[in-house]
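Asks: So the sequences go chain by chain: H and V. With my numbering applied, the first sequence corresponds to residues 1 to 397, in that order. With my numbering applied, the second sequence corresponds to residues 1 to 397, in that order.
Where hints are given, some of them may not hold.
Pairs involving identical chains hold if they fit within one copy or between any two copies, as the list cannot separate such chains.
As the list claims (entries may be wrong) - SDA-like, lysine to any residue: derived pairs with alpha carbons at most 25 Å apart:
(1) Lys296 - Gly58
(2) Lys353 - Thr157
(3) Lys226 - Pro59
(4) Lys226 - Gln51
(5) Lys257 - Ala16
Hint data in this document are derived by calculation from the structure and do not stem from the laboratory. If you're wondering where the values come from, they're calculated on a predicted model, not measured in any experiment.
Listed below are the residues making up each chain.
Number of protein chains: 2
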Amino acid sequence: MSQHPLFATRASRMKASEIRELLKLLDQPGIISFAGGIPDPALFPADAFAQAFQQALGPELQAQALQYSVSEGYVPLRQWLAQHMREIGVACDIDNILITSGSQQALDYLGKLFLSPGDTALVGWPTYLGALAAFNAYEPRFDRLNGNQGAKEYKATAGEGAVKFAYLSADFANPTGETVDLQGREALLDLAEELDSALIEDGAYQALRYDGDPIPPILSLEQARKGSIEDCRTIYCGSFSKTLSPGLRMGWVVASKPVISQMVLLKQAADLHSATINQMAVHQVAQACFDTHIPKVRNVYRARRDVMLNAMEQHMPDGVDWTRPEGGMFIWVTLPEGMVGSDLLARALDTVKVAFVPGQAFFPDGSGANTIRLSFSNSDEATIREGIRRLGEVLRA
Amino acid sequence: MSQHPLFATRASRMKASEIRELLKLLDQPGIISFAGGIPDPALFPADAFAQAFQQALGPELQAQALQYSVSEGYVPLRQWLAQHMREIGVACDIDNILITSGSQQALDYLGKLFLSPGDTALVGWPTYLGALAAFNAYEPRFDRLNGNQGAKEYKATAGEGAVKFAYLSADFANPTGETVDLQGREALLDLAEELDSALIEDGAYQALRYDGDPIPPILSLEQARKGSIEDCRTIYCGSFSKTLSPGLRMGWVVASKPVISQMVLLKQAADLHSATINQMAVHQVAQACFDTHIPKVRNVYRARRDVMLNAMEQHMPDGVDWTRPEGGMFIWVTLPEGMVGSDLLARALDTVKVAFVPGQAFFPDGSGANTIRLSFSNSDEATIREGIRRLGEVLRA
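Just chain H, same shape as in the assembly (with noise of 0.2 Å):
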């Protein structure tokens, strides 16, 4: 028997990404990748991790490691949390914050708040790809964040479907490394106050910055609009992954009360809560030792950001233009006018051996077909100069 007619709504909007199906094909040895957005292995505090879990597993915690906890989060790991978005410019307090299993968790859950069929979310074009999955399964409407619409532009598009948030990485974003200046951070919370919408800021990259100044997150400049957080209608999302590690799954959210407490019963319902044993292991680890090893991951990437870009301004033909990130880990780079990036991705692999991700899959709308992602957290600089000129070869061919 086929299921599929008895498959929700959703389902047909649920489709295998191209660029994960891809991915798989690609990291093969031989082949040159700057395809998949994932940190070097070799920056995991492995030592650390460890020497936590091995803790966790000793006679006094493991009965409470290994039982079942509560739905918010380890308390320790909130306050390290706590105070971590003190330092970041966010006052809050560990009733402001709940654990989930990565940043992608959070989108999912958040979507699962918010929307209802055919309520719109404004999303970068292009933006992060998960976002559009997670966000996806609720059925909502895209519509196009930028700044040159104002509220009443979106909710005259937006018709009977609400504008219910927008989304945006602010520091150095997936796809495209770029950074939202304080103007446009206050610009987007005079959107989101106009359309009465709330405001997600994923940041996923946010520790990753290799050069000039930290901007304040953008729930950090409501709060000193407001006063308060349990005024703000700014979501934060904080993730491990790109710091620590991201095999473990740990994540976090920072709004108001209200939300969270909503998000604790949808978090409840949807799978108890996260791996009690991996908030402990990286409770200790970040304790331990968060403010030494982001240093050292920030050292590496930065050498490495900086050998692409040198060999793209040594290799791209003109016609070829890419973005300077101050962080994170991509360069988007927009091909001429007419040339498509799934195409030349199949040319590079098959006449030199380089991978990276076609653009287009980041669009909601399926444009943006003469751009493409690169990545440089997981190649050596050697790897990176040798793939960079090879990409050129190609493109000037």
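Given chain H, work out where chain V should sit, using these hints.
Replies: Positioned in the frame of chain H, the structure of chain V alone reads:
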């Protein structure tokens, strides 16, 4: 600002579980609690886990253990599960298996896969509270699954909302402790055929049988009818929470490939994958000691069940009735008509410091006021004897 007007329609259905709020108050020193349905942490194979995590974080595996991995789940764990499922009568291969973060997450994803607002889900009256919560987020109607109705009656009451699935736990169900016999399982399959609906079999307690012969899973019986799992409408959800550890959040789903493929997409969009290192650790522990560990767990719980049943024979007054489960963690008590479980709880806490869960919360329609659930899994034998003696005292008063 209050963001409540922005929330999706489903938010109005998500309520704080009275039981969970209650549990926070109940699990306090000085109270004998038969409330929480949680395993005894003394039975967790903590040393085996310590060894498994140490190995996963050793030089050979650490890069993999802490890195992103595929949404389907860790291949060696799925291989172990395919073999485990064959041992309990279900022939499947790893492409029929998805790893989830506990079986609770499987229920969430199954609700997401099948339910559009207004669709009908058939559930027991009473049924597992967590299943109601998981499905509820997708705004279904709940209709009562019982042995007395045929497909025609269900279709009639479902009206425009199609019956998408029936959900049940066939072995030692939470909250009743009851088991569906072979004939009952076959009748459920007949019903699902007639309704052309899916059938969700929650096997969370399946391994915890204390006496009597195992009954094949419903999925096994459907395979016997149809030959291949690919033709089956039954979806089996399993869990390591009651056998190895709930704190690692490890469960699995077994179904036909089209269902698994769709669930993989949902999982990819919702949390990417379950924690890599936990999958590796559970695989190693399951491989090393599942077959020797489970009999130990059974022996301890069997003895506690026997002590509780014996104490009830001795101390329960006339007019009180209860189930005699062949496995699992729960005994379900029916009080004399007119007596109210939540009133009894208040009195029992107040006068003799004994806690349990009032049964009403397990009924989608709020009936069942004169029922309570007792758990015997997490109290030692002397405590069970004393608690039931005190409960009898309150009931006779």
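Asks: Hints first: check each against the structure and report whether it holds.
Replies: Quick rundown of the hints versus the structure:
Proximity of Lys296 and Gly58 under a CA criterion of 25 Å is satisfied inter-copy only: 21 Å between copies versus 30 Å inside one chain copy. For the identical chains of this complex, Lys353 and Thr157 are neighbours neither inside a copy (44 Å) nor across copies (60 Å), given an alpha-carbon limit of 25 Å. Taking the closest pair of Cα atoms, Lys226 and Pro59 never come within 25 Å of each other, the shortest separation being 47 Å inside a single copy and 50 Å across copies. Within a single copy, Lys226 and Gln51 get their C-alpha atoms no closer than 42 Å, and across copies no closer than 51 Å, so neither meets the 25 Å cut-off.
Proximity of Lys257 and Ala16 under a CA criterion of 25 Å is satisfied inter-copy only: 14 Å between copies versus 35 Å inside one chain copy.
Of the numbered hints stated above, those contradicted by the structure are hints 2, 3 and 4, listed in ascending order.
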